Every structure is written in structure tokens, then in C-alpha cells.
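Using the sequences and the accompanying hints, generate a full structural model.
Chain residues, written in single-letter form:
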Amino acid sequence: MTRSESLRVLTARARTFLSGYSSVLFTERPAVGALCFAATWAFPRAALGGMAAVAVSALLSHAFALPEGVRRAVFVNALLTGLTLGLFQLSSWLGLFALLLATLTATWITAALTPLLWRLGELPVLSLPFSLALWLWLPIQPAAVPAAGLLPLMVLPQPLADFLKSLGWIFLSPHPLAGALVLAALALASRWLAWLAVSGFAAGYAVLALWAPLAEVPPLGFNFILAAMTVGGIYAAPGLGGFLLALFAAALAVPIGLLLSFWLSPLGLYPFSAPFVAATLLLLSGGRLAGRGIYLSLAYPALPERHAEALRLEAVRLGPHGSVPLAVPFLGEWQVYQGFDGEHTHRGPWRHGLDFFIVEEGRSFGGEGRLLTDYHAFGLPVLAPAAGEVVAVRDGVADNPPGEVNARENWGNYVLIRAAGGVHVLLAHFRHGSIAATQGAWVKAGDVLGGCGNSGRSPQPHIHLHVQEGRALGSPTRPFHLVNLMQREPEGSLWWPARRPAQGERLGPAHTDSGLARALVLPAGRRLCFETRENGGPWRYWEAETVITLTGQTRLAAVGGASAAFVHTGSVLAFFDRDGPADPWLDLLLLAVGLTPLADARQWRDSPPARLFPVKPAMRAWLWLTRPLGAFLDSCYQRAWQEPQGVWRQSAVHLLTPAPGWRVRLETLALISPHGGLVHLAARGGADCPFDPAQGRGWQREMRLASVGQNADEGIPAWKVTVHNIDDIARLTDNRGEIS
Amino acid sequence: MKQSSPRKTWVAPSIRSHNSGLNKFGAARHHLVTEAIEGTPVAELIARFGSPLFVFSEKRLRENARRLKRAFATRWPRVINAWSYKTNYLGAVCNTLHQEGYWAEVVSAFEYEKARALGVPGNRIIFNGPYKPLAALERAAAEGARIHLDSLDELYSLEEVARRLGKALPVGIRLNFDTGLTDPWSRFGFNLESGQALDAARRVASSPHLKLTGLHSHIGTFITDPRAYAAAVRILTAFMDTVETQTGTLIEYLDIGGGFASRNALQGVYLPPEQLVPSPEQYAEAVCDALMAGTRDREARGFPRPVLVLETGRAVVDDAGSLITSVASNKRLPDGRRGVVLDAGVNLLFTAFWYNHDVRPARRPEGIPEETVLYGPLCMNIDVMRQSVQMPPLVVGDLLVFNPAGAYNNSQWLQFIEYRPNVVMLMEGGGVEVVRVREDLAVVTAQERLPERLSRPFSEGCDDAV
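As you go down the protein sequences, you meet chains L and E in turn. Taking the working numbering, I'd label the letters of the first sequence as residues 1 to 740. Taking the working numbering, I'd label the letters of the second sequence as residues 1 to 466.
Since the hints were derived computationally from the structure, they do not count as laboratory data. Bear in mind that the values here come from a model prediction, so they are computed numbers and not experimental data. Don't take each hint at face value.
[What the hints assert, rightly or not] Keeping only pairs whose Cα atoms sit at most 30 Å apart, straight-line, the calculated DSBU-like set for lysine-lysine is:
| # | chain 1 | residue 1 | chain 2 | residue 2 |
| --- | --- | --- | --- | --- |
| 1 | E | K114 | E | K86 |
| 2 | E | K331 | L | K720 |
| 3 | E | K86 | E | K59 |
| 4 | E | K211 | L | K720 |
| 5 | E | K114 | E | K8 |
| 6 | E | K211 | E | K86 |
Right under this line is the structure:
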């Protein structure tokens, strides 16, 4: 091994070690870990104990080949165990022996409890193993007072000193300076977490003062902090609901902590982090069962900033949280006759319903409207809005003459589909004798269920659609929305990935353009090489490849380490979860094609994170200061087929609003060829672009496809196609490669 | 000396059936008049623009276009409606339909040029027809038009064009086959039953320069039985599966042509159009049900459902166009029928050769209707607008309105001894616009060139006056 290689291995190990420390604060950033590591050195023996325990657990993980998913939790619990034993009593061989046994126990409990809690309800193990292990092994030697710290005692106002000490307790360093380091680490990781730490502590402290004003209280403060951060920051999305839940978690940790202290103090034990774990698991589990109202993401814990971004993208791209996505149940353009909370029948438990009919020139019929066949909607095919099993069908109710209703057989002829997730989708008022679906049959979205009719409580032919909880007809409805649709506007159609249409809105399904869908397929192992340049400078190469992660996520990974996840559903190509170091070219690609419908869409909107927007450091600092949870762009996309070049030209305007009334604009362009996919990408800042305009025209970045390749697989050789004639692609852009 | 006194001329006695009021077939139709078109009085139009006059209603045109589009779009996911230029290529008519989202379907180099001149991009033109000159093929290929091949020779020409362009050109092939319900139009395209069509498909698929992406058929014109289209769709979808399996190509669209009937009365057909002609919805239901059935398992096999292309002409434009004409003279025919000479004949209403167009007077009739022959102004025996129609007594200058008259007349009309008149459009927002100005001598002779020696009609000094 050469010296540089060993240096690299050493650096990698150090990074892993430090990111292990940072994962106590739910991040993986080595810098955050370094601050925490430094904080542990307020009590050198504790620091040494922690390191020893980490080493032991690493050996154990390796020896028993523990699965990857458990190792992080093992690291955290071992670290905390080691720190605690070091802090309390690493003074003799016995102590060292206790450390070894406790670490072994913590590792084992972690490995045992992690899958168990996950199966119990996707619950995390947190630092529960650490508390259990210490309760088991600490009494070997009666608890000693914590060893004296390295740092001098400080004179601070009592609440502040308590707060900082509590922060220090997270790393078993009960000293204000260590606490300050931890606070700095928190602020570096996530300012929302830091804010939750402050407010969680305040809430817990206040409750504690009310409940046990006189009692001699063991160190509990860090439990309030951790509970608030975990519940409100890592598992709940940032927002008022999450914040209140965090405060409740902190408050809940108080009585649990007091109770545990009462039970454990005769044994000479502390509650350690058990109050935090108990409060957190209780709230997460309850919140999960609540199902709605609180946005909890148990399967994908993340920093609040990432939550905010995902939530925003989800709201824009996937529809309201908790709402059931459905495909448009008809073909062509229809109008919403009655929306949610409609004036006629969509009220009370049936408030979540949509009625559709067809209106032309203000009329839903041609001719005189006296016959059902005069009505535009009558007899038109009604499609299944979701895949599922047809659990109930009725097809014997006669159609009412126009203007009359049959309130006795309210739903008329209907089809009830049990879709994924156990929800039931009801389509009603079918034409008598038209239903093609049979009970017990499995349908997929888009299958013809029958014809639109006028049976039941229906004065004129229309489709009624709702989602209900149970199987019984007319059981309470749930909110839902439609996906992949075109909304008709006076000046054209707007494509929406998800939308809940309002009364009077005209809409129709979007239809996949198979040519476009094929052009943008990115199979795993695809290598895209672009030539890039800025402001007309020299061309440089930039390369990225598509990979599939172990969990099955497809990502576009640039050579420099930056990457973003993407999905190609057949009807949309969407990028999200940008990760890794700065990479302006990946950012440019994500802005230009971040949300690309594979339908014949001409106009649509998106709201990508502002961190993709190239800005000056001063602006970046301003945004960092004013938008702790990240800012978002208003992006408006347009696309048209362009002859004679034979490409789709997808242009977008991205607006960043650093402050009310102050807008910064960026334009992007993507040329999509039916043969080469993304052949040209460009971005241009306007006159108000924060960049220094190199020329009078403003700042500009361009990427053009140089080659497309595919990585080798066993038995399948790699291939690579170079774009021979760069002029071909250059010709696709306007003169001098300028975007217009 | 006989005193001249006003005496009636002798008229041979005849027996006439009573045609007014009710008879055993129901109410008489002759009480119908067309005093106004879209609210504009017919008499006022003639006063402003002269007689005869073609009148188009923008509102009606758009309504027809939307109704047809909706009928299919609400039954099939992806539909492309194309406007059949030959039916009526007046720029105002074409652009009204293009604004409604219709592509252009052209069948000649002239029509192609006209569509391009109107601003239709090449990739929104469907190029059909048995004769496409090389230059037109080259232009259409370069501009991205969808070309439908009619013969092997055309295939070879286009392959050469594509080779020179250096791209794999997407093309379709025109098929002919027997639906069992229509007369096969076997002169167009490749015959399916004989295996010619599959050979052509294989030939296209094996070419490095061509890519087979579509199948085209046009089973005929004025087809009043929607089942014929259902049969055509079944044949096309089955052939699509065969072609895809045998050549590995992906058929992206099926073009079922045009031929939907309009509310017009074909000569020799007994039932009135109101009873005979299906609605757009009936056509759509037949076509789309057959398509749904024929492509049911396509998505499961990983193939997208094909785009449906329609090339409707007559059904969209026919009743949006009227021809107003004036009575020039009355006469009594030897067989006792009344004859009326009009100022518009088959030179303008060319389709009168095949159709009994509905014709109505523009004012309330007075008097008992009788069987009447309507003649045009031409000095030819064949210039008959209606062989037999019940008309009340008409006087010179009375106006008659022929409707539907929008299909084929403005493309097939003749400049034979008469000028072609004004064509106006009643605009949707109100007002009337001339969309084709009446011809005059300068227009008709504009293309003529007189050789110097023939520049004068009579030679000097050679006056042969007796």
C-alpha cells in the first residue's frame, strides 16, 4: 500500500468515525461529528471510554457481520455507553471490564431490538439499548459522582448554564462549554434542530419547574432536547404541527423522567436517555396510528431541511399529503359539475366528491335537451381511476329522464373498486345496462367500467367519483385528487402532475407521448458525457451515470460525487433529493428537466429547491440567514416540438424571491431529441441575475451531449456512441448557441 | 278582321297530385324557408355581395369541428383530427379548422404548398394521394410531414429521398381491403388480402432509411354505415399486430381516413338524410369500441395504444356552407313540369351531379307548390341543380338557398363560361367577411399569354364586311 493510499484509507476511516459521532445528532456530516468529538473531551476519561467502546463495537459489528442498517445504531449506542462508563468510573480494570460487557450488551440489544421495533410499527430503536445496557452493568460498582472535567467552572445565569449543560449531557459532557460546542454542531447541522433544542428545553424546563419545584432532580434536561429534536425535527416535517408535537414530546419526557428517577434512584441508577426514548416512541407510534393531520415520516427520517424540501415537492408534484391519488376517470375534456364541499350533495361525510359532465357553449346538451341522448356526456366511457378489485356492482337502475332524480336508489348504477391501501373508490350514476365490469374482477387504471348515465340521484348525465373508507355504500369519504391531467385554460392547457379540480374547471387526462417517454429512458449504467462551458469559455467534459441504490432508488450520479434521485414512471420524469458536493452542471440539468411530463404537455409549473439556483456567495448567505428551512423557486415550463431540427424544446423560467418584491430570474433550456435524449442544456441569467454579466448579455452556461454509453454487465460488453458531428447539435440551438 | 283580344294560351290538361298540407307520408316539407343564415337575412347578403353567393358560417364550422373532435376524444385516448383539404381549401375555412386543432391532410403538391403557405408546420401535415411528385416528396420529407405511401415505386423514390437527407424517415402505408360493407377502393395503396400490404410493410421495415410508424386506410366516401368503420378498424388492428410481430416495428398510429357522411341526400338513396346519416357520436362509438377491443392486450404486452388519425372533410364543412342563387326565369316544360333557370348551376354546385341538395326559398312561399326542375345558367343540358323538387311559384329575382353546399364545391367548381362569385364568411363575433372575391375578366385571363402575332383579333385591311 502506497503512502497516499494509506492516507486515503485513513481519511475515509476518520470520516466514518466522525460521522458516527454526528449521527447522535441525526446527521452524517463529519464536521458536525468533529465538533461533537471535541465536546466529549471536556471529560477526557469519558472521551477515551467512548472511543474504546466504539472500537469494541466496530470489532463486534465486523466479527458478527451485522447488517448495514443496524451498524449506525450500534455505533451510537456503543459510543454513549462508553462515554457514560468513562464519565462515571473508568478508573479501574473492573471499569474497563464493565465497559467491555456493557458495549457488548448494547450492541446485542441494538441488533435484537432494531428489527423488532421496526416490525412493531416502523419505530426506530434510538438510544434505548444504551440505557438498558447501563442499567444492567452500571451497578457492578456503585455509581460515583461524575469525574471532574478538564474545563474550569463557569459563572452563567442558571437557566443558560442548565441548558448548555444539558446539551453537553447528550455527549456525557455536562459542561457549558461542551454544550456550546454541541449547540454549534447543531446549528451547523440544522438550525431548525437547534431551535427545537432551545424550545424543547424551555418547554421541559417549565414543566419540570411546575411539577417538581423543590425536588433534587437528576440530569434530565438533555431528554427534553432530544425528544423535541427527534419528534419535531427528524420524524415530523417542520411546521406548526410538528413544532407543537415537539414541545409535547419534551413535556412528556418530564413525568417519565421523574417516574424513572423515582424507581431507579434506590438502585443508584439514572434514567439516562430512557425518558426521551419512551416519549418519542409513544408519540411516533400514536402519531402513526392517527394516520392524518400530523405529517410523520417514520420510514424516512431526515433533517428538517430535507423534510421541508420533500414536503414541498410532494405538495407540488404528488398532491396534498394524505390525499388518495386517482387517475382521471374519463377521456377527453370534461368539466367539474360539483367539487369538494359542493353546494348540492357533496356535504357532511360525503364532502370529498367530484362530479363531472361535459359543457359546450354553456350547455351540457345539444338539440333541445329533452332526451338523454342529447346530453354530451351520456353513454361516454367511464374508466377505472385506480387498479383494484371490483367489490360491488349494480346495473339495474333505470336512467332518469333529464331533470328528474331518483333519491331512493341514490347512487344509481355504480362500481365500487377496492384499491391499494384498502380505500374504496366509488363511481356512480352509470347508464342502465352499460356496466362492463363484473364483481370480483380485477381492473387496472384506464379500463372501461361502463358508460356515463343518469341513474340514481342525478338530474342530468354525469360521473360521480369519490373515495370512501369502508365497503358499505355511502360510508364517509376521504380526500383524493387526480393525477397526470391537463387543465384547460382560456389561453391553452396546463399540465398538472396532481390536482384537485374546483367546480367549473375543465380538465382531461394527459396522454403519454411514447416517443418522448422512450427518449428520456435512463436505464441503470447509462453514461452521459456532456461538454460544458460558461460564458462562451472553453469546453470542458462533465460526466454522469445512472445507478440503482441498494434500496432500489435510481440516481443520476456525476463523477464529482454529486447525485440526484429520479423516477421515470412512464408518464413523468422527475428528479429530487439532490445530494453531495457542489456541481453546477448537475444543478443545471435538474433545473432544466427536473419535472418533465412525458405527455403532450405544453405548459406546467414546478417548485424546485433554491439550492439548485446558482447565486453569488453573498446571496447564498442571505438566503441561509433568511430561509432556515430552504427557499423554493417558482418555475414555469413550456415545451414545443421544433421543426426542422426534430427536437422537443423545453424552456423554463425560474424565479427566486430572496425578499418580497425582489425577484431574480434564471432561464433554462433543454433540447430533447427522439434519438439522443437530452442533447443540449443551457441556463441564462437575466439582467437582474446575481452573477456578474461577463458580457453585456448576462451570464450563461451550456452543456451539449458528447457521448452516450452503457456500462458493461456480465456477458454484455459496454458500449459508447460519440456524437460525431457536434455541429448537428450546435445547429439545434439558435445562432451562436444563444438561447432565445 | 279578327279583333285581337287578350286570350289565354291553351294548356294541355293534366292531372296533378295534391302536394300541399298533409299527405299519408306526414307533413309536407315545403313550408320550410331560409330567410336568414345565422341571423343575417339572405336578401341583405345578396344585396351586399351580389348573386350567386357562397356563404360559410364560422360558428357552424367550429361547432361541427368541436363536436367531431369531442366525439372521438371522449372515447379514445389520443386522437389527431386532420382537415381534408380537398373538401374545401379556402384559406379561411382551413385556418378556422387549424385553430380548432386540426392538422392538414393533403393529397397533392398544390395542397401541400397551400397548407404551408397558410402557416401549417410540416410536421402537422399528412401527405396522402396516388401521385406525389419527387420535388413534393423531397420537401415534405425535409419538413417532417407524415407521408403515406401509395405504391412500391413511391416507396423507392422516398427511400432515395430519405437516404439523401440522411435520416430514418417515419412513414405510413396506405392499405386497401374489403370490409364486407363497402366497395373496396383497390386502386389506392397496397392490397391487404393479396399479401401485397405485408410485403410493403416488410420492405419498409427492412429499409435503413425508412421507419414504418403508421397504417392508413380510406374505405370510401359518404359511408352511412358505422359498422363499415368498425370492420376496417378490426382489420387494421389485426394487421398492425401482424406487422409488429413479423417486422419488429412499432405502429404508432392508425389513420382511418375520412368518408363520414354529411346531412346531404345522395341521389338514388331512398331514406332522407335525417334518418340515414349517423351522428359523429355513432361513428365514434363504432370506431372506438372496435379499437378498444382490438388493442385490449396491447398495454400488457408493453405496446402503447395507437394514436387514431381522422381525415374528416364532408361531415365537418358541408352544412356550414350554403349557396344562394337567384331565379333568372321561369318556363313550362312540354311534360307540364315547371322549369326554373337559376344564376348558379353545376359550375358552382358541382356536387349536384350526385346529391339532391336541400333547397329552400328565402321568403315565405305564396301559392301551391308544384314539381319543378331547377336549371343552372350553363348552355348545357346536364346543368341541372335539382331534377325534381316541390317549389311554390317563384318570380324572377327570388332567392333560393342550397344547403349543405360546403363540401367539395369550392374545390371542384368550374370556371366554365361564368365567373366564380364571392364567397363570404359570417364571422362568429358578428359581421361578414369576403373570403374569396368574385372573379372578373382580369382574373380569368391573368395566366393567358397572347403571342405577338395573335395580339389583335382582326387583321388590318382585311375587312370582310359584306
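Going through the hints against the structure:
1. Note on E/K114 and E/K86: the hinted pairing holds, with a Cα-Cα distance of about 11 Å set against a maximum of 30 Å.
2. Of the pairs offered as hints, the one joining E/K331 and L/K720 is violated, with about 85 Å between alpha carbons and a cut-off of 30 Å exceeded.
3. Simply put, E/K86 and E/K59 have alpha-carbon atoms about 21 Å apart, close enough for the 30 Å limit, and the pair holds.
4. For a cut-off of 30 Å, the pair hint linking E/K211 to L/K720 stands: about 24 Å separates their Cα positions.
5. Only pairs whose Cα atoms come within 30 Å are accepted, and E/K114 paired with E/K8 is rejected, the gap being roughly 59 Å.
6. For the proposed pair E/K211 and E/K86, the alpha carbon gap of about 27 Å is at most 30 Å, so the pair holds.
Of the numbered hints listed earlier, those contradicted by the structure are 2 and 5.
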